[in-house]
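J.: In case you want the letters, here they are:
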Amino acid sequence: MADKHGTHERTDALIRVEGVSKSYAHGRWARSKRVAAITEISFEISAGKTLALVGASGSGKSTVARCVTRLERPDAGRICFDGTDIAQLSRYELSPFRPKIQIIFQDAVTSINPHFTAAEAIEEPLLIQRKSRRERRLIAEKLMHEVSLSPDWLSRLVTEFSGGQRQRLAIARALATRPQLLVLDEALSGLDLSTQAQITNLLLGLQQSHRLTYLLISHDLTHTIHMADSVAVLSHGRIVEQGRNQQVLTTPQHKETKKLLSAVDSAQSAFVRASGAFA
Amino acid sequence: MRALDGVTLDVKRGEVLGLIGESGCGKSTLANAVLGLLPSQATVEGEIWFCERDLLRLSQTELRQIRGCEVSIIPQEPALWLNPVLRVQTQISEVLRAHLPMSRKQRCERVTDLLHEVGFDQTARICEAYPHQLSGGERQRVVIAQALACNPKLLIADEPTTKLDAPLRLEIIDLLSKVCQSRDVTILFISHDLMLLAALADRVAVMYAGRVAEIGTIGEVFRNPLHPYTQGLQRLARSSLDVTVTKQELPILPGDSIRPVSAGCQFEPRCTERMAICVERSPEEVAPEPDRSVSCFKYGG
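As you go down the protein sequences, you meet chains A and B in turn.
Take any residue in the first sequence, count from 1 to its spot, add 169: that is its number in the working numbering.
Take any residue in the second sequence, count from 1 to its spot, add 78: that is its number in the working numbering.
It cannot be assumed that every hint is accurate.
Footprint (simulated), chain A over chain B, 3 or more residues, beta carbon under 8 Å [stated by the list, open to error]:
(1) 82 to 96
(2) 241 to 252
(3) 269 to 282
(4) 309 to 320
It is worth saying that the hints were derived from the structure and are not from the lab.
No experiment lies behind these values; they were computed from the predicted model shown.
Glycine included, each C-beta is placed from N, C-alpha and C at the ideal position.
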């Protein structure tokens, strides 16, 4: 699709972010000071791969997520999705891309309308796509099955589901539009260890079967160990280190990475001391 | 709806007891029961002994003297716990005023000391700040200072690090272990993070669906878990920290999160080693070794 902003490019990256910056006004007035949330962020993710974006709270992770999904318009830079620059597209021009890029938020409890039943939550994106009632129900049943929830539960209210189940529902809802890119904004945080592992396995399986591309955003490197192909470390709105997952985990270069890793290390060593694991 | 079922626990003076379990297993209900903070429709049976007093038999007035003074709590979300329209100074001295006979000046000094103790350098800035002007880590330190204000004997930390990022989490854990050493305070540390517990706790109690599955010292429980649930958790924690294996499925516990079972062992639907007896009745606590107990038919139950 060619348009006034987009240019066709041949590349194997599904999404390529180049020099994206975003600042917010500090205060409500037009002339108030602006705070740079992210500065010249660049990365790319190949189709079917996972990039983990890690950083401490306030480092700008969520702003990156909001820019990539175009919930925010970046101030500068290019976001090439499948060869088209979507960074400055208008609301109307974006509509063909919306279904292809979906986001899952940390708090599935607050990100889904509590008055909805599971069916309504999953079918809402399909409603926007003007699918018939019958078609919607069929897709919803299939999706429930894919995220290992019973299709019999479609008529239950969202509030009747547990935390982990709601995160599954959020995944099903995101998959309804058959996306290519899934942005997981702290989707694993706040869940307990066993639920977290279940969601990790589910996401790994879905990536295989749907050839999904993930942008995994987290403050905790332990979440990314098992999911990511590559890692980018964000500090004060800039990417300070980027590389293959194994490489970053085993030979970190930047002090921010080391700081994030030290949390993993000391947890690990405490655990090793206590349990004698890895020995 | 039974949130807790026959929980028997003792926290020894000066130790850190970790309470671990997945969301919905009753960890927070237990903490709130100790503090007498459960909603009025809740009925609590049994006994809660604290320094030779049964907390369940005390009147509200007597309980109010203990709560915040001898027993205090570090909540999960300091952002919701702190009053948004009061300065930090006011909120901490409020606790002091309620429990200790101190002059205004003494209270002021005590607040500064407390803030120093939890690792603040610029205490003046913190004193004057409103909660929204502080970062998440700073707010958590402020509630710790508040909890320590009256020299509590027992500190209940209800997932104090869940909302913080990984490096900050460690700082808070370091702070708590420092406090524990310097002040001779007993801590009941509630968490679902095995790794954090390993770093802080002396003993650990594993809860599942309102019951205690296993209790023991942290080394014993993590090195040689007895209950199938603890075994699954340990396997999972071990492989989730293994940085040499990436892009591989984790050894999860089968089945969905806690769903109450009408009869038999609550863990039976997810258990890989279930037996015929498991559906008939729930297992009793047995002590295979001294200072260790487990509720599972594998060990006699």
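J.: Taking each numbered hint in turn, which are not upheld by the structure, reported in ascending numerical order?
T.: Violated hint (a single one): 1; every other hint is consistent with the structure.
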